[in-house]
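Asks: Throughout the sequence shown, residue numbering follows UniProt numbering, covering 1 to 311 in sequence.
The reader is advised that the hints may include incorrect statements.
To be verified - Here are the computed lysine-lysine pairs in the DSS-like style, where the Cα-Cα straight-line distance is at most 27 Å:
no. : residue 1 : residue 2
1   : Lys113    : Lys163
2   : Lys287    : Lys78
3   : Lys45     : Lys287
4   : Lys287    : Lys163
Hints are computed from structural coordinates only; laboratory data are not their basis.
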Amino acid sequence: MSFRHSTDGRWYHSKSIPKSANYTANHQYSCIAPVKLAAAMELSKVVGFLRRFAPIELAETWDNVGLLLEPTVCRVQKVLLTNDLTESVVDEAVNSKANLIVSYHPLIFFPVKRICQDTWKSRIIVRCLENRIAVYSPHTSWDHVHGGVNDWLAKAFNQHPLKIDDIQQLKALPQDLPEGFPGAGIGRKLTLEKPVSFEDALRMVKQHVRLERVRVARPLQVKQIQHIGLCAGSGVSLMRLVPHGTFDLILTGEMSHHDTLDFVQNGSYVILCEHSNTERGFLREFKGVLEEELHLEVEVSTVDRDPLNVE
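Please put together the full structure from these sequences, using the hints given.
Replies: Structure representation (structure tokens):
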């Protein structure tokens with residue numbers, strides 16, 4: 001099932017939303033017929049589409065987004081999507097002959113003073129340029145944009161009728177947002193039409209992020225779940241801006257001990273899936289978007305994973 005973004009307060013049940021022949025219930029493009037691949041495309045054209053999908057102006061001011069590595073000559077025929085750019089992912093890109101890596105998290109975040117072989121990030125930079133592999137990072141621009149990472153995470157609850165709004169008023173964005181992207185926001189407020197048990201909500205989250213185990217914190221008083229606050233990655237700074245009692249459940253990737261304790265003592269359930277597990281699943285959706293729009297060969301990394309496991 002799926003839901004449609006609502007800013008007018010109306011309820012949209014997934015079954016009432018018409019679906020085109022090549023659009024699945026999870027807002028993913030489905031290859032009913034084989035997609036005819038295009039010839040190699042100029043890197044600038046691919047970057048242009050990535051910026052139209054999620055303008056870098058939507059990113060947080062502290063972030064480092066956009067095209068981060070550009071070889072002298074680069075035509076794109078194959079794209080590799082990853083949440084984090086590690087040396088294993090670079091090996092995968094080289095072996096699969098990818099020309100562009102779209103890495104959700106930026107490889108280069110702090111200023112780079114030297115590029116030598118004694119650090120893993122420097123080795124990645126050198127290896128990518130040697131193999132003429134470009135690197136693009138969208139990071140928080142994907143968090144803000146409608147149809148991006150946070151909207152993917154919200155689909156964990158689309159088995160039930162709900163409405164979804166941005167937590168945009170809590171965190172200011174530039175006033176000169178790109179045309180066609182009004183009201184973008186980094187968090188999401190979900191309101192279920194009918195409350196569900198915490199166990200039901202937990203089951204839906206695990207199923208959506210494809211995890212058997214997640215970390216949970218429960219308040220002393222058992223309650224039903226109707227109002228949900230979520231933010232992919234590390235969303236505690238945003239959730240701190242919301243008055244206590246606003247959300248029955250907070251869903252994010254990671255949170256400190258003291259923040260978790262504070263939310264639980266004020267009556268909220270907390271589900272923590274680990275940082276990148278709340279982001280990575282969006283890559284499966286975006287793969288279909290790129291294939292449909294650019295007719296390029298696109299793969300999602302099979303070696304990219306969160307460094308933390310619950311064992």
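Asks: Next, verify each hint and record whether it holds.
Replies: Each hint, compared with the structure:
no. : hint            : verdict
1   : Lys113 x Lys163 : 47 Å, violated
2   : Lys287 x Lys78  : 11 Å, holds
3   : Lys45 x Lys287  : 17 Å, holds
4   : Lys287 x Lys163 : 26 Å, holds
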